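Student: Chain by chain, the residues run as shown.
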Amino acid sequence: MITKAPIIHVVDDDGSFRTAVARLLQASGYQVALYESARQLLEKPPGMEPGCILLDVRMPGMSGHELQARLVKIGNALPIVFLTGHGDIRMSVRAIKAGAEDFLSKPVSRKTLIEAIQRALVRHQEARERNLRLASLRAVAATLTPRESEVFALIVRGKLNKQIAHELGTTERTIKAHRHAVMQKLKVGSLAEAVSIAERLGMLPGAISGEA
Amino acid sequence: MYRVLNCLVEHDWRLLVVAGIVCFLASLAAVNLFQRARATRGRLRAGWILTAGAATGCGIWATHFIAMLAYDPGVAIAYNIGLLALSLVVVMVVTSGGLAFAVVTSASWAAPVAGAIVGAGLASMHYIGMWAVEVPGRLTWWPHLVVVSIAIVILLSMVGLTIAVRRKDMRGIAATALCLTLAIVSVHFIGMGAIEIVPDPTRVTSAFSLSPNALAIVVAGVAVSIPGMALVGAFGDRHLNEKLREGNLRLDAALNNMHHGLCMFDSDGRLILCNERYIQMHSLSHDAVKPGCTVRELLALRKGNGTFLGDPDEYSTNLRARIAEGKTFRWIMETADGRVTVIVNQPIEGGGWVATFEDVTERRRLEQERDRSQKFLHTILENAPIPIFVKETSGLRYALVNRAGEAFWGISRAEMIGKTSHDVFPKEEADLIAARDKQLLQSDQPVFDERQIHTPRNGIRNIVSRRLTVCDDDGKSRYLVGVIEDVTERKHVEQRIAHMAHEVIHLNRIAIAGVLSTSFAHELNQPLGAILSNTEAAEVLLTANPLNVDQLKETLADIRRDDQRAAEIIRQLGGLLKKGGEIQLQEFDLNDAVRCALHLLDHEAETRGVVPSVSQAQAALPVRANLVHLQQVILNLAMNGMDAMACCDPGARRLTLETVLAGDADVEVSVSDSGTGIPPDKLERIFDTFFTTKPQGTGLGLSIARTIIETYGGKIWAENRLGGGAVFRFTLPLARTPAA
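In order, the protein sequences belong to chains U and S. First residue of the first sequence? That's 7 in the numbering used here, and the numbers climb one at a time after it. First residue of the second sequence? That's 11 in the numbering used here, and the numbers climb one at a time after it.
In isolation and in its complexed conformation, chain U is listed as follows (with noise of 0.2 Å):
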């Protein structure tokens, strides 16, 4: 899949560590956005080419955290490793719970600093991929008509024909139908596949969404 080299989206209010990064970043093969502040990100937020942030904890006006925050509620997805001047267990452990990749300090050498952010691109990547065959599903339960999901809806919840059919006031049969129909587009040959799919795509209670 991949084949353009990854962003790296480097934020930090220190123009002279940004030009090293940068540079550092580019002679190892990636490609380097560079933003002076959070609020710079805010205004143009990466798409979802792969990539990642490298975010200052330390900033005038927005902190790294606040962007961090910022980025979730807007579902951007990009995995962010912090970098900072001087940090703290305190401030680590905020990071990390709030969905960081990574917490180092500065001065950082290239193999932390690399490693760190090949660990970020490639969690990023599976939870692309993830997030794509996610969508693929979702595509395949928008080709059901409404009857087909309400009928998909409760055979997921392992309830039988006559039950559905008692359900929804039609007959058995017809439910049949609407069943062979939702197994189809599905792509699915049984019951236990179906489920995993509803799961997936969150119809269950109780299931997490967009885990496995």
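Please keep in mind that the hints were generated in silico from the structure rather than gathered at the bench. Owing to the predicted nature of the structure, the values given are computational and were not obtained by experimental measurement. Virtual Cβ for every residue (Gly too), placed ideally from N, Cα, C. There could be a bad hint or two in this list.
To be verified - According to the in silico footprint, chain S covers these stretches of chain U (three or more CB under 8 Å from chain S):
#, region
1, 22–29
2, 80–92
3, 104–115
Chain S: place on chain U using the hints.
Tutor: This is chain S only, laid out in the frame that chain U set:
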């Protein structure tokens, strides 16, 4: 004698009686007038003397011619007018002279001499009068009777005057008048006895003669003048009495109003008089104190009421003995109630004495108080632990040196008093002293002098000497007073305190640096991080083919720049930690200092969830101070503010730094927080050393801030903000007018 008796027979006895009475009255008047003359002074006295002389003269003259009228020698008698007048003038003049002599001269022989003159006057009148007699015949004289008559008149006059001088009472006056009468009568009749008229009808009386009838009229006139003169005397007497009474009243008033008690005793020790004060001062009653009571009785009365503590018998015996010796008897008496009286018994002529009583209690008390206060002052001066000296302004010789002065110079006062500084000190030192003395006397302003002095006991000492002049009542400076303070120890202590203050300020900076170490670490890691990244980027770039030399150069330049930046940060920290020996003053923009301080605080503020903000004056605010010190103050205030907000909601922790121009010459910096504020009762004390409201506070931060701000001529204070929280403000003088 026969001739004299015979002569009497030739007189008309009725006229003789008249003559005698006139003579006695005239004598009385004369003596009376003479006594007046003695009692007066000046021109009045001369008047009295002349009147007395005139009275005597008129008396004898009238007596003589009344007797002549009574005389019938058997021939017609006429009188030469000129000689008649002469006789009256001569007797008046000579008698006045004699009386004047008696009045003026006080010697014991004066009275007899004066008497002799008066007698001579009387005799001369008689014989000039006889000379005036013109009869148709020749007068022959018996010389020895003439001599006898003159001798008797002089003798009787001498006796009369002597009595007059000795006795002034009525009996004396009467005796004198009698003597004079006798003298006049004697000279007349003995003188007449000495005459024998041999009729010689060829001799006729001259044209200017007076017949006996005419004479009778003249004599009557003269005789009448005598009571006139007596009237004058009587009038004078009354006048004199009035004056005397007035004088007595005045004397009484004076006696009774005088401050002293006064008594007068006669030679028997009996009271003659005493004044009110005496009675009052001894608490006696007017009934008990009467003229005539004895000194012994008075003492007994006083013993009874407690105003006399001695033994009345012993005291009066001693007193009388002393007075008898003619000596003054002094006595100082203290009574039971603590009053002190000085008694002086002064003997007077005639054996009596005058006693005066003076209550000296108050005077004594004042004297004792003066003595006490003098002694008190002396004790203070002597025991004052600082050297004090006094010089007279004329001559500049030491007049006083206290004990501390002796010890300080190591010279006894005996060696200093009365000497000049050049007599006492080495020339160099003495010259300095003399110069200061001169400066003081010329300016008349207190002179302060701080210098080092070599003392024999304590070596080199730092002293502060103060000199001032002390003026007399007339405003002229009389004394020069000098006080010397040994400030050697104080100087050492001051130096130590200054050193310690410096240490404390430095320790406070180290504490601040400790708190801000995270901030510094963060700051330093920025360039270090950049350097590492650049270096590693360069390593990668070196593997590329072809080499991008430009990029490598650029990278290296960046590395150098970041290295310098790291060095600058370390230098900043070093500045905060450095223990500056001498305080370096520099001119800088206070806005920069505030910005720098805030920068150092950024990380700390973020860690504590505090939102810092700055509001700065548009213009540059040049101040002259030490930058590190001012940053220290701002950091102290800011960190205090952040501490005060620890309990606030995280969203409400606002720290604001503000700089404004305050007037034309000052700049004001304020650091405000939104914390808990300062308890009003502690606002005054928060700048005190070791005063703290924080559990972990040292109580040094604000005290140091104040020390620093005041060092640079500013002020620092704290207020509570209306909306909550506190604001700390300080001002500093502008180094110059800021550019607009």
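Student: Output the indices of the hints that this structure fails to meet, ascending.
Tutor: none
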